[in-house]
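**Student:** In order, the protein sequence lines correspond to chains A and B. Plus 37 on top of the position in the first sequence (first one is 1) and you've got the working numbering. Plus 37 on top of the position in the second sequence (first one is 1) and you've got the working numbering.
Note that these hints are calculated values from the structure, not bench results. All of these numbers come straight from a predicted model, not from anything done at the bench. Be a bit skeptical, because a hint or two may be false.
Each pair may be met inside one copy or between any two copies, as identical chains are not told apart.
[Claimed, not checked] DSSO-like, lysine-lysine: derived pairs with alpha carbons at most 30 Å apart:
1. 69 to 279
2. 69 to 165
3. 165 to 72
Number of protein chains: 2
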Amino acid sequence: MTYCVGLMLKKGLVFMSDTRTNAGLDNISTFKKMKVWEAPGERIITLLSAGNLATTQSVVSLLEERTKSPEDRDPAILSVPSMFQAARMVADTLREIIDEQSEGGPTADSTFNATMILGGQIAGYPPKMFLIYPEGNFIEASDDTPFFQIGEIKYGRPILVRAFNENMSFEEAIRLLLVSFDSTMKANLTVGAPLDYLCVESDTLTISASGRFSESDPALQTISENWGAALQSALEALPEVKIGD
Amino acid sequence: MTYCVGLMLKKGLVFMSDTRTNAGLDNISTFKKMKVWEAPGERIITLLSAGNLATTQSVVSLLEERTKSPEDRDPAILSVPSMFQAARMVADTLREIIDEQSEGGPTADSTFNATMILGGQIAGYPPKMFLIYPEGNFIEASDDTPFFQIGEIKYGRPILVRAFNENMSFEEAIRLLLVSFDSTMKANLTVGAPLDYLCVESDTLTISASGRFSESDPALQTISENWGAALQSALEALPEVKIGD
């Protein structure tokens, strides 16, 4: 499994992804699930992937034009005229890959599935974010639904639903995401650190901040240790509940 | 779907269950998913059910001996010598029902599944709690794992993992459960109020407190309204996170 989140803030886009992949509980590895295409000053596009790793790596490789020799590559995603067109390109590639893999048998439908979050900005247009389904269709983030999650979304959802605020700073957003990821990692072994993050301020068309929190990163550890106590205090501050017979 | 939780505290056992059942999003109903067998002063046994409603109702009806005429009924669960034996009886009944229903076809396995939490106490022995699987096997709660969840468990799990404490009072436990259920109901339409609860103090062998929180219950509404703000404050009280390029 996997856990990835994309947030659309007033200030810009924020992405975070875990790095754990597993083929069985006894076969886990670390892979980056965040891919960035950048033409600084002209466009920046980020892709987060959850699902079958062979599928998602194939999609990224095809988008990178790795079927061609290195000198002939000129990824079309760096020249599409709109983010909507970029989402269509990613979605079509995803559907093709799954179709190919699934010829093997009727139960393969689910095995090779993947879901993706695509977000970014092209000069002259506002930032956009899309959630792309394995069927090759997609939805766009809006004021009503300003964040997307993919993968193991349930554990970390309540805190996002309750505490997300489009006016957050990047630092506040990353702190919120660390709590959401920590809640997930505490409950599910298929999501694990290190955690990659990326912040893109609107209209800068370049990376504002990016990096990785390792499992032993003091920031992640501090959040994890303090969150339990913070939740306890929050709970104790709630009005008392009367129970009767 | 469904959400039910059983907690094993030092003080005794606490149970909470939602009441929403659905056969499709456009066909929802309200059913109590908590069944209590009580011989005050001698034993008290509570059963929480998640899964196919026809299956779980059949299990309860068979345990109640509703195949017999009313005057001949003498539920064996009221005379088994131990909670372990009660768990075996429930588990065997559950497996039989699922086996019967599943003859229809190979995909029926999952459709008719159910999972149950059984907890209670028989005079002379300590309180016990079991999680019963559709295959008819079960596990017992212990100091290491002092609570069980069934149904739609993920949204409400992080707060339980972080804030459960075996020394809680019944009031504190119910407040914790209301938060866990509220987080779930905010994210998933298949879990819904009213919420039934039951508290059984150890060695009293009778119901200490029981009741139902309706959707409009001031206690549930207050918790729901205050929890968002409490989480925001908890988040803001966390150390700041530095992000760099």
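**Student:** Could you run down the list of hints and mark each one as holding or not?
**Tutor:** A quick look at each hint next to the structure:
Taking the closest pair of Cα atoms, residue 69 and residue 279 come within 30 Å of each other only across two copies (21 Å); inside a single copy the shortest separation is 49 Å, beyond that limit. Only within a single protomer do residue 69 and residue 165 lie at most 30 Å apart by alpha-carbon distance; the minimum there is 22 Å, versus 45 Å between protomers. With identical chains, the CA atoms of residue 165 and residue 72 are at most 30 Å apart within one copy only, with a shortest distance of 16 Å there and 50 Å across copies.
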